[in-house]
Amino acid sequence: GAGVSQSPSNKVTEKGKDVELRCDPISGHTALYWYRQSLGQGLEFLIYFQGNSAPDKSGLPSDRFSAERTGGSVSTLTIQRTQQEDSAVYLCASSLPSQSYEQYFGPGTRLTVT
Amino acid sequence: DQQVKQNSPSLSVQEGRISILNCDYTNSMFDYFLWYKKYPAEGPTFLISISSIKDKNEDGRFTVFLNKSAKHLSLHIVPSQPGDSAVYFCAASGGTSGTYKYIFGTGTRLKVLA
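The listed protein sequences derive, respectively, from chains A and B.
Numbered according to the working numbering, the first sequence spans residues 1 to 114.
Numbered according to the working numbering, the second sequence spans residues 1001 to 1114.
Any given hint could turn out to be false.
[Stated by the list, open to error] Straight-line alpha carbon distances no greater than 25 Å define the calculated BS3-like cross-link-like pairs of lysine-lysine that follow:
1) K57/A to K1101/B
2) K1054/B to K1005/B
3) K1005/B to K1101/B
4) K1005/B to K57/A
5) K1056/B to K1005/B
Source of the hints: derived by calculation from the structure; they are not laboratory data.
Since the structure is predicted, the reported quantities are computational estimates derived from the model, not experimental observations.
Model the full assembly from the supplied sequences, consistent with the hints where possible.
The following block contains the structure:
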């Protein structure tokens, strides 16, 4: 079956612009996660969705970051007024709700802010 | 404050020999641990897990050992194969992090030499 897909795969944007990153999880996976990986760092948890609600947004680095999920499926991560420190690979993962230990990751979106 | 640490950024091993990847953690409340493998331009894929009630879990060529008193886990790959060359991340969850929020290390790049 289809895995987790993310778009775009690469995004270059100018400082101060807004960007939207999209994640399409595996069908039937009600749990969805966003992470980011900055250069030389581990995966940093950003937000977790169960269905359309986000019980844990604790990892969002600032109020410039927001995420939503509609129809219990596709999720978008929006970064407003991008800064150079936002440059990273943004990874999305999904899982069955009872199997958060086995998260299926997408290939990521590499964001470069110039 | 890195709660999960992988102190070796890289490791080279001869094909057929054992690869040992190490991971240390600081939070004694962590109770579930994972290893993920990541190839270039792909998202991480789940490899093996271990609960804190065990000290060893084996799956084919992969074995994870957990030493709770030392807050240390390791992944053994025997025998190592060139296809095992990838970045390996350890991750931990539990305590106030909840069951879905995994804290990842920075990864160890394994190179298996033919």
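Hints versus structure:
{"no.": "1", "hint": "K57/A to K1101/B", "verdict": "11 Å, holds"}
{"no.": "2", "hint": "K1054/B to K1005/B", "verdict": "21 Å, holds"}
{"no.": "3", "hint": "K1005/B to K1101/B", "verdict": "16 Å, holds"}
{"no.": "4", "hint": "K1005/B to K57/A", "verdict": "23 Å, holds"}
{"no.": "5", "hint": "K1056/B to K1005/B", "verdict": "20 Å, holds"}
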